[in-house]
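2 protein chains.
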Amino acid sequence: MKKIVIFFEPMGRRVETHANRTILEVAREIGIGIRSDCGGLGLCGKCKIILTKVCGEVSKPTDNEYRFITPEELSLGYRLACQVRVLSGSVNVFIPRESRVEVGRRVVGVSVLSDEYFGLRPAVRKFHLKLPEPSLQDFRPDLERLRDALITLHVIDKESELQVPLDLLRMLPELVREFRWNLTVTMWHNKLISIEKGDTTRRMFGLAIDVGSSKILIHLVDLVTGKTIATDFVENPQLMYGEDIVTRITYASRSPENLRKLQRLVIEAINNVIAKMTSRAGIDVRDIYEAVVVGNSVMHHIFFGIVPKYIARSPYVPAVRRMISYPAKEVGLNINENGIVTSLPLIAGFVGADAVANLIATRIYESDEISLILDIGTNTEVLLGNSEIILAASAPSGPAFEGAQISCGMKAVAGAIESVQIDGSKVMYRTIGDLRPRGICGSGLIDLLAEMYRNKIIDERGKFVAVNNPRVIYDEVPRFIVVWKEESASGKNIAITARDIDELLLAKAAIRSGWTLLCKKLGIDPSDISKVYVAGSFGMHINVDNAISIGLLPPVDRAKVIFIGESAIIGARMALKSTEARRKAEDVVRNKVKYVELSADPEFRRIYIQSIPLNP
Amino acid sequence: MKKIVIFFEPMGRRVETHANRTILEVAREIGIGIRSDCGGLGLCGKCKIILTKVCGEVSKPTDNEYRFITPEELSLGYRLACQVRVLSGSVNVFIPRESRVEVGRRVVGVSVLSDEYFGLRPAVRKFHLKLPEPSLQDFRPDLERLRDALITLHVIDKESELQVPLDLLRMLPELVREFRWNLTVTMWHNKLISIEKGDTTRRMFGLAIDVGSSKILIHLVDLVTGKTIATDFVENPQLMYGEDIVTRITYASRSPENLRKLQRLVIEAINNVIAKMTSRAGIDVRDIYEAVVVGNSVMHHIFFGIVPKYIARSPYVPAVRRMISYPAKEVGLNINENGIVTSLPLIAGFVGADAVANLIATRIYESDEISLILDIGTNTEVLLGNSEIILAASAPSGPAFEGAQISCGMKAVAGAIESVQIDGSKVMYRTIGDLRPRGICGSGLIDLLAEMYRNKIIDERGKFVAVNNPRVIYDEVPRFIVVWKEESASGKNIAITARDIDELLLAKAAIRSGWTLLCKKLGIDPSDISKVYVAGSFGMHINVDNAISIGLLPPVDRAKVIFIGESAIIGARMALKSTEARRKAEDVVRNKVKYVELSADPEFRRIYIQSIPLNP
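Chains as they are written, first to last, in my numbering: chain A, 171 to 786; chain B, 171 to 786.
Calculated directly from the structure, the hints in this document are not laboratory data.
Every residue, glycine too, gets a C-beta built ideally from N, C-alpha and C.
Worth double-checking, as some hints may not be accurate.
[As the list claims (entries may be wrong)] Under the rule of at most 30 Å between Cα atoms (straight-line distance), these lysine-lysine pairs were calculated in the BS3-like manner:
| id | chain 1 | residue 1 | chain 2 | residue 2 |
| --- | --- | --- | --- | --- |
| 1 | B | K499 | A | K499 |
| 2 | B | K367 | A | K479 |
| 3 | B | K300 | A | K764 |
[As the list claims (entries may be wrong)] Quick partial rundown of chain B residues pointing at chain A, CB under 8 Å, derived from the structure:
| id | residue |
| --- | --- |
| 4 | D312 |
| 5 | E314 |
| 6 | Y480 |
| 7 | V487 |
This is chain A alone, in the form it adopts within the complex (with noise of 0.2 Å):
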């Protein structure tokens, strides 16, 4: 096999592979990431690299390419990464910021709520004992020793089981005579899961973990205090993969070692967080006892290494819906080594645990009035309820709104434009960064949108109607500029068409259609609605009225909307923190919500296309 020879920049790595590889396989193989919203398919344009020098032969631009790249770009060595491949000798790629996979700069985990509504009354729980030792009056077996012990502390009942891992049990009696009877143990529930010297009640940690698709967030909380001592998040390496779960799927299900792939480099960036966590914090991974992740259902299934497979086709079915523990050296992830990672409950197969998390967090079922709960993304969930029913359901908004798919879209990451406003011709706006802006992201595009429709650049229905504005260019397809090439950071215009507006206009129906649908069954006016909850980061930074000025929020008085920003992760804190808050979310899911199947109701359609319009 011909060997060629590639050199990553602005990285700075080299790899010698063999030849008629793409350059996007050679660099998922070695870690390097590089935007691929499509998987790889040649379908997005977003995996622009440069070749800045080739001494060799490479493969001829595909129709893909030329789709995506103009004669000058191609001029300049611009290629699709996925579709490029090295024929023989080296070539010199360099990826640009606009195609690496890089993580929003937005501040991880903030979230007005707060996690101590329930309490410290963690699954983990330490005992310190001292130990009768064992005489000729006194022959106990060592582990019913310590089982007598327990009972007589009340942490485990006399018929009860105790629990033990084998491993443990096969070093129980050198243990305890080394610690001299003398120890602190460790219980998850009614499993013994350490026994260490002394007196070590006051060191015991845990992990709140929230694998987003693109963003995995983790807490690291003190369990004897309840706070949290520190917060870190990492970007989902499985972006390498694809951007989108449906891609993300489609490779896990190709092969048992895909999916085994994208699990090991799921857990290992969280393995690596874990350790510089713990170094910087001063703490030993031994002392973290458990972690209790959220997700949604495919992240989940990905976590665990479960066959995701059939989440993404119809009737969208997940594996497993309750709660589930497993021992965290069985899923990979490097804590205590016989430490537990739990996981909350599931709804259905698009309404994952991170929404029941977010129930948790925000505790609507609890109140007589209705709340709504929003959690937009590429699908958007869609919780709405009180005390007696929450209704649940998954609104396909696909990921516009993120920045994938529009022509000018970006991430929520340094030089996007996270707001604008419009006044006749003249253009304000603000980046993230205050740099030279490169695209807009979400909170970006709802300004525009409304801004637009406000100015009467557009109509309702996201047509072009302006005349004498200059900044509107009817062309093949009509287009706004939003930023003039001579102010960018590409020195290209950053325009928005009118194809974007239809994306953008079918995402916010799709959860306008959500919630409209959820108030319908519940017989209740959106209007009516006594809270809207808008969970995650993208929250954080969008204009409320426009928001509801464009109709992806209910008309409520927009003092009763609530950004709760990453309040997935405070959910899987109080979870880590209290046994009573798992039960609930258990109880919640299982007595009070009811899931609904969109595509299966036979109203969703009409609401979906009369939710279609700016004003609707």
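Starting from the known structure of chain A, fit chain B onto it as the hints suggest.
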């Protein structure tokens, strides 16, 4: 490092290794079993081998070798395998039958007891399910769909947890669809351990395993019919590391690797038998879902890989006493990949799960009358009681009745004298296999004691008192010639010495004082015992009258003495076939059995000494 070569005969094995290692070490390493009662210390003389050819240099005979090897033998090439080292070149080593590790010839697993009392209600159950396919109207997750079906069949309660091994959950979505929702689930209590295509409810097997310190018995049971479809046994390969248990504990205690090695040895031996049995019976190992294991506490601990060290040290405490169950995978046992290994509970450090199996097999806990169970071995387990209380003790009888530490002693293998009658100077005997005699096994030794006393060759204290008996030689150590050299297999006299008789009297005294003390504690006379159960293959061939006359067994009507043979495996089989039997075992051990530590009892010493004479 200098290389040397050893040829082992009659195995025909060639080994290249480095110089200066003992032949025993090398043999152990490649799995050739050479007797080594003392664990390779040069103290037992049982590891005699013959150097049939030496091309090179071997170490000079040690003092230990001179003690056990006559000059004549030495000239023939006899050496002790644990002493002789090959320094250079190559040697041919012949291992005589006496020195080979061999298993008794006796029929395995025979018992007068039936395993049918508790009926057929195994912990493993199978259910054939035809599940409705998911649809947009019925989008229950796969596991909940399965769970609901099990609830409908009353297999599990609505509220009870359904445990699923992670590996199984991971593949669940693929399995149920591949099987088109027509499948058989295997449950172990509330744990789902297997999912198979179509209806496999007629295929369900289990294993009963009795891990003896010298012999491992394995029964393969059809859990659908309750029939035992195959029985087999294998020598416990740990014998390579010492005949007696304390030697093995010492070896295991030296390092975790040593323990792991002993554990793997026993598991591998069992796996080999499983492979052989299943292939002969034409069944798949994956159709074996549970193994119930019994054995003494040390064998139990080593089987599971639990540190056995402290069982051998006062106060003789095991790590755990209760019934334990672990995934077969964690133990290494090759049955269904999610199969379970369960051990019956232990009673104490030297009264193990085999004794509990005997309790279940005899059900002495049901009768109002007092019964005795004796399991004679290096430690003799003594159980005495009725439906109210059962006293348990371990008598330190030593291995004399197994032929060890007796100059002419040997195990009950081919060529062993198994019964003896004396009429003055005439000796009549029978050997196993009707071969020329090689030595005397336990049943023969009992006869010999009784007959020598009856013929006034020895007095009640074992002192030689015969005059004019041509078979009695008053040498430095007086002896009685059982077989003249002309008749023996080795061409040497087979004799029993005064020292041998002392050993046997002490062994008898230990056993006798065990049941005497327990009778005293219950306030009964030994002659009041209603039934005497003698467990183990040992009992199958002893002469009851002689055993009673020398005081080994209590003075009861001989019809009350029942030899129950390999009863522990019957108890294991009962537990395999019935969860009720397990509950009973747990209940009896916890609520009826009271362990008496003989070494801590103030009366034991006195009773022991009183028990030494032949006519106590």
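With a cut-off of 8 Å on the beta carbons, see whether D312/B makes it to chain A.
5 Å, holds
Hint consistency between K499/B and K499/A [alpha-carbon to alpha-carbon, up to 30 Å]:
The given pair, whose Cα atoms are some 15 Å apart, holds under the 30 Å limit.
Hint consistency between K367/B and K479/A [alpha-carbon to alpha-carbon, up to 30 Å]:
20 Å, holds
Holds or violated: K300/B with K764/A, Cα cutoff 30 Å?
26 Å, holds
Please verify that hint: V487/B, Cβ, nearest Cβ of chain A, below 8 Å or not.
At 5 Å from the nearest chain A Cβ, V487/B passes the 8 Å test, so the hint holds.
With chain A as the partner, please determine if Y480/B meets the hint condition of a C-beta pair closer than 8 Å.
5 Å, holds
Interface hint outcome for E314/B [beta carbon to chain A under 8 Å]:
6 Å, holds
Every hint, counting from the list given before, is met by this structure.
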